[in-house]
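**Student:** One letter stands for each residue in the lines below.
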Amino acid sequence: MMDRSLTRRLTAGLVPAVPYLWLGLLFLVPFLIVLKISLSDPAVAQPPYKPVFEWSDISGFLGGLDLENFTLLVEDDLYFRATLSSVRIAAVSTLLLLIVGFPIAYGMARAPERYRSLLVAAIILPFWTSFLIRIYAWVAILKPEGLLTQALMGIGLISEPLDILNTETAVYIGIVYAYLPFMVLPLYATLEKMDDTLLEAALDLGSTPWRSFWTITVPLAMPGIIAGSLLCFIPAVGEFVIPDLLGGSETLMIGRQLWSEFFSNRDWPLASAVAILLLIVLVVPIVIYRDVEARRVEARP
Amino acid sequence: MRRSFAPWANPDAKPLIRFENVTKRFGESTAVDHLSLNIFEGEFFCLLGPSGCGKTTLMRMLAGFETPTEGTITLGDQNLAGVPPYRRPVNMMFQSYALFPHMSVEKNIAFGLKQDGMPKDQIADRVGEMLRLVQLEKLARRYPSQLSGGQRQRVALARALAKKPKVLLLDEPLGALDKKLREETQFELMDIQHDLHMTFVVVTHDQEEAMTMADRIAVMDHGRIVQVATPGEIYEQPKTRFIAEFVGDVNIIEGHVQGQENGLWRVKTSSAEAPLTIDDPDEVLHSGQPVAIAVRPEKMVIQRDPPGPGAINVLTGEVWDIGYLGDWTVYRVKLANGEILRVTRANASRFVESPIDWDEQVYVTFAPDAAVILAE
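Protein chains in written order, with my numbering: chain L, 801 to 1101; chain A, 19 to 394.
Be aware that one or more of the hints could be misleading.
To be verified - Distance windows between CB atoms, simulated:
#1 L/Trp1010 to A/Thr41: 41 to 51 angstroms
#2 L/Thr1008 to A/Asp339: 57 to 67 angstroms
#3 L/Arg1095 to A/Pro102: 33 to 43 angstroms
#4 L/Ala812 to A/Glu206: 46 to 56 angstroms
#5 L/Pro912 to A/Arg43: 14 to 24 angstroms
#6 A/Ala142 to L/Pro912: 51 to 61 angstroms
#7 A/Asp339 to L/Arg808: 25 to 35 angstroms
#8 A/Glu226 to L/Phe927: 32 to 42 angstroms
#9 L/Ala921 to A/Asp339: 51 to 61 angstroms
#10 L/Ala921 to A/Asp196: 40 to 50 angstroms
#11 L/Pro912 to A/Gln307: 27 to 37 angstroms
#12 A/Glu206 to L/Ile1088: 42 to 52 angstroms
#13 A/Gly250 to L/Ala921: 58 to 68 angstroms
Hints listed in this document are in silico derivations from the structure and should not be mistaken for laboratory results.
Predicted model, so just to flag it, every value in this text is computed and none were measured.
Using N, Cα and C, we set each Cβ at its ideal position, and we do this for glycine too.
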């Protein structure tokens, strides 16, 4: 009896500890390391920054840390512009994803029940191919002598080759294509749960289908809209591969900046500072969202 | 006052709703089969039938959610073909209530009025009026998730009534309520319908509900209407065996027509020694025709002492089961041929000297006009 209750208490304590342990070990500790590097100075050494942590000289180590890198980030407007441009591209992409993803999710949720799991599988199917290969495929489609130009010229819609590759348009196409499942799946999950009779009730009370969509479907799909938008917006801000492969040198994004500081300039401390900046840019909207959500739930239990 | 209300008996009265030869097919199956029906203004009309009989489809066609495969539906002078649900002067109270979960009670009720572009202050007045009608003034700002089942039902009713529709459709309006609340609400619905002079069309599978509330009942089976009549007629003069069995309890005794004497039918059965005498002059029968005699349990008399000589319609058997319900006692009497009759007796006095007991030999009798002959 005694043993059993002890085991139970231990289990009750340990089970919640697992996710905390996981987060602590694989998120908090690396974050602290990055934070520390961002406060260091670059050095031609191994590792390429100083001071290096030593138990014997903690005060010397702490004295070697400073905010120099962050000052640089603020002073050089390149980083500010890159951040702004990243947020803008991510926001526009998220909007495009909503416009493209909503009808798909809606259609899936309205499809006969026996086809639905098949449709979900079809949405996930592209993940079976490497992300990199799929983005490279878009290079072949979008380049001036690529498939898109050939097709459009073939049916006589255009006479000049399209010059889409290495523009922001190509980045939007790439992001919308690559992130679509992250938008569609949460939307589908909320739309599928929706009670059809609510729409019938709205029609019955004199609301046209178009108005019913905005007054009933969209508000009830809001949790899915927000979840999908966050799932797309957050990684899109830090996206590196798509702007690098499709956007050309003109497209300014913070993820690319981070990459070049890290690998081209080998300035780990500055790259770490950029990473911290990116984190702050992304955490703020999430905190705001959680606050709004908490108040909404409070108002309507 | 309600007694005199019988527009269906007046050949000059113009029906408000007319179903003419309406058929609805879903793929292979036929939900509604060449059905014609008239409903008059101010009527409390019930569509009654077992699940799958087509009553809900009929109502959904009236609301505009389904289109008839054949036939026409008219409302007043308007042919409803091609009129979308949001342009029909008809509102529906859904079985699941279908309250908008993201809107408060008052927003739910105001929803339909807003669609009509009614000015704000008028909407507020009308919502207040509706809340008073269903006695929910105090809960105006609650959300549906914060209400009990009975309260939700009231909100759904108020929302459907708010636009003052020409016809209110109610799909199993009391199905989700418990028995006590259901009875109260039945009478409330009748009062509201009467006060607002509105036409109510109710779909239900509960015959008691239909009997209590309706001016007329249409009993449906397999997509067709079997009988349209007042509750009294449906109960006392059921047209078919299906209706007799579906509405209320009934004893069915099968037999063959022997002939007619003094306007009374004589029917030979295996349940009684002598042929049974039935007073059902409207039936046109011929000798030897197989028929079913339907007698309601409360119209049979159970007694211990043998009835006097010359008594008619005497069945003998022994008491198989006794169920005491408080107001009624139900006796199940097993006849010599193995058939079981159900006889009820009102418990008019609190104490009975020597009550009929289990396994006792008893006589069951009924008057000739207590029974109905149903041609097979």
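**Student:** Next step is simple, just say for each hint if it's right about the structure.
**Tutor:** Now for the hints, and whether the structure bears them out:
Range check, L/Trp1010 to A/Thr41: Cβ separation about 31 angstroms, and the 41 to 51 angstroms hint is violated. Here the CB-CB span from L/Thr1008 to A/Asp339 is close to 59 angstroms, well matched to the stated 57 to 67 angstroms. Judged by the Cβ atoms, the range 33 to 43 angstroms given for L/Arg1095 and A/Pro102 holds: they are separated by roughly 38 angstroms. A hinted range of 46 to 56 angstroms holds for the C-beta pair L/Ala812 and A/Glu206, which are about 51 angstroms apart.
The hint said 14 to 24 angstroms for the Cβ distance between L/Pro912 and A/Arg43, and at roughly 19 angstroms that hint holds. Between A/Ala142 and L/Pro912 the Cβ separation comes to about 43 angstroms, which falls outside the hinted range of 51 to 61 angstroms. Our hint of 25 to 35 angstroms for A/Asp339 and L/Arg808 is violated, since their Cβ atoms are close to 52 angstroms apart. Distance hint check for A/Glu226 and L/Phe927: the Cβ-Cβ separation is about 57 angstroms, which falls outside the suggested range of 32 to 42 angstroms.
Distance hint for L/Ala921 and A/Asp339: a CB-CB separation of about 58 angstroms, consistent with the stated range 51 to 61 angstroms. Evaluation of the 40 to 50 angstroms hint for L/Ala921 and A/Asp196 yields a pass: the beta carbon distance comes to about 44 angstroms. Hint check: L/Pro912 to A/Gln307, Cβ distance near 50 angstroms, so the stated range 27 to 37 angstroms is violated. Look at A/Glu206 against L/Ile1088: about 48 angstroms separates their beta carbons, and that is inside 42 to 52 angstroms.
Range check, A/Gly250 to L/Ala921: about 60 angstroms between beta-carbon atoms, so the 58 to 68 angstroms window is met.
Hint compliance for this structure: hints 1, 6, 7, 8 and 11 are broken, all remaining hints hold.
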